[in-house]
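Residues in the sequence shown are numbered consecutively from 155, following our numbering.
Some hints here could point you the wrong way.
Unchecked claim - Per label pair, the in silico range of CB-to-CB distance:
1. Gln157 with Gly221: 43 to 49 Å
2. Thr307 with Glu256: 19 to 25 Å
3. Ile164 with Ala315: 21 to 27 Å
4. Asn258 with Asp162: 49 to 55 Å
5. Asp207 with Leu287: 47 to 53 Å
6. Arg187 with Gly221: 30 to 36 Å
7. Arg264 with Asn190: 39 to 45 Å
No wet-lab data here; the hints were simulated from the structure. Only a predicted model underlies this, so the values are computations on that prediction, with no experimental measurement involved. From the three backbone atoms N, C-alpha and C, an ideal C-beta is built for every residue, glycine too.
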Amino acid sequence: MQQRDTVDDIAEQWRRVDPELDLEAMALIGRLRRLNVRVDNALREYFATCGLDSSEFDVLATLRRAGEPYELNARALLKSAMVTSGAITNRVDKLSAKGLVERNPCPTDRRAVLVRLTPAGKELIDATLPGHLENEERILTALDADERAQLDTLLRKLLVAHGDTESLFD
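Modelling step: build the complete structure from the supplied sequences, incorporating the hints.
If you want it as structure tokens, here you go:
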């Protein structure tokens with residue numbers, strides 16, 4: 155028998171109020187949302203030990219995985235982060251103030267700015283990434299390899315069904 159979670163209690167309350175309700179979707183979405191909060195908290199706690207927040211890590215990681223010269227324009231950062239241009243500007247401002255990124259004029263478009271990792275930013279993301287991957291492994295320890303693969307397939311299917319298909323490489 156599976157151990158009960160908080161969503162089981164919520165569903166039980168609804169069943170007492172209205173036994174005719176179909177709660178399957180509510181339970182799944184509830185579990186996804188509750189898990190998202192716990193995952194966000196675990197990530198936030200780890201990044202704080204590195205002097206970062208999740209959004210700063212995201213920008214640094216995006217620039218690092220872009221490869222040398224670890225530089226992207228704001229449009230590419232926006233596609234990766236799925237936030238507003240104002241949010242990217244704020245993130246870049248914070249990282250720039252910390253000396254982790256720099257803004258440079260785009261040589262081919264005077265209106266555009268390129269954001270580049272500084273040596274300190276590259277050093278920090280390279281030092282942070284192994285612990286981040288360990289933290290994510292810890293978060294997933296309840297699942298074996300087959301369960302992870304199944305969950306990955308199902309989550310990808312949901313993301314595609316809801317339009318998360320835009321390529322980062324265009």
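Requested in this report: Check each numbered hint from earlier against the structure, then list the numbers of those it violates in ascending order.
Outcome: 2 and 5
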